[in-house]
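Peer 1: Sequences are here, hints too, so could you generate the full structure?
Here's the letter readout for the chains.
2 protein chains.
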Amino acid sequence: MGATKTDHFSDSQNELAILTKALGHPARIAIIEYLLKVESCICGDIVNELPLAQPTVSQHLKELKNAGLIKGNVEGAAICYCINETGFDKVKAFFKLVNSHLDDKRIQCC
Amino acid sequence: MGATKTDHFSDSQNELAILTKALGHPARIAIIEYLLKVESCICGDIVNELPLAQPTVSQHLKELKNAGLIKGNVEGAAICYCINETGFDKVKAFFKLVNSHLDDKRIQCC
DNA sequence: TTATTATATTGCAATATTACGATATAATTT
DNA sequence: AAATTATATCGTAATATTGCAATATAATAA
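As given, the protein sequences belong to chains A and B, one line each in that order.
Here the UniProt record's numbering is used: the first residue of the first sequence is 1, the next is one more, and so on.
Here the UniProt record's numbering is used: the first residue of the second sequence is 1, the next is one more, and so on.
What the hints contain is simulated information worked out from the structure, not anything from laboratory work.
Here are the simulated lysine to aspartate or glutamate pairs, DMTMM-like style, with alpha carbons at most 25 Å apart:
#1 A:LYS96 - B:GLU49
#2 A:LYS90 - B:GLU63
#3 A:LYS37 - B:GLU15
#4 B:LYS90 - A:GLU85
#5 A:LYS5 - B:GLU49
#6 B:LYS90 - B:GLU33
#7 B:LYS37 - A:ASP103
#8 A:LYS96 - B:ASP89
#9 A:LYS92 - B:GLU39
#10 B:LYS37 - A:ASP89
#11 B:LYS65 - B:GLU85
A few chain B positions that, by computed beta-carbon distances, are all more than 10 Å from chain A:
#12 CYS43
#13 GLY44
#14 ASP45
#15 VAL47
#16 ASN48
#17 GLN54
#18 VAL57
#19 SER58
#20 GLN59
#21 LEU61
#22 LYS62
#23 ASN66
#24 GLY68
#25 GLY76
#26 ALA77
Note that this is a predicted model, so its numbers are computed, not measured.
Note that beta-carbon positions come from the ideal geometry of N, C-alpha and C, so glycine has one too.
Peer 2: And the structure:
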C-alpha cells in the first residue's frame, strides 16, 4: 500500500487533513508567512525569498492553492498571490473545537 | 531528491511544519478528535474506532507523539493516550499570528 | 510457568512527495 | 516578429509515507 484510505474517513476529516497537510512543509509555511507580511506578491518574489528553484516554488504554490489556502490572480505576464481566508477559516474552526475541549478541563493522563 | 531541505528553513518554520504535517492525515485527525471526546483512552480503543489495522494505528500514534501532539502513559500492559496541550499551543500560536495579520485588513489580490 | 492481553517493531509492497533541469506557455517589450 | 519576462508543466531520480502481516516485547492472569 501507500495510499491514504480517504474513503474510510468523514468528509470533514479529509478536508481538514488536506489543509493541514498543505501546511506540513517548511517551504509552504515560509510562503504563508511571507504572504502574511507582504499581503500579496508575484511568484518571482517568493523564488527570490526561498532557497528553492522556480519549478519547486511553483509546485508548492500549486499545492497551497489546491488546498484552498492561497489565491492566484493573473496580472499581465505575472501571477499575483495572496492568502485565501476561506481555507484558514476552516482550520481555525478546528482549533476552536480543540480549544473548547481543552480550555475548561485540564486533561492529563500522564 | 525527495527529501525536504529542512536546513534551509528556520527552526520555527521546521517545528511548525512537523506539527501540521502530523495533523495532515485523516486517520490522525480522527485520533485527535476521538481523544478530545473521550479525554483519554488506550490504543485498543482507537483500533476499534478506526478502519485500520493495529500496526497502522500504532504507527499513527507514534507520529502524533513524536510531533508532540499527544502523550502516552504506560498503565499496566496497556498505554493510555491523551492530548499534549504543549504541541497544540504551538500551532495555536501560529494561527494567532495569522489572525493578527488578517483580522484588521481585508487582504485580497483577487 | 504458561497463557493471555496490549502494544510496538520489522519488513516490505504500493504509492506519494520533493526537488529540479528542461521545456512549454503566455503576456509584454523592443 | 523576435526577444524578454514570468510562470507552469513534464519527466525523472531520490526519498518518504501508508498500510499491514508477521513477529517481538512486556505486563498481567490463570
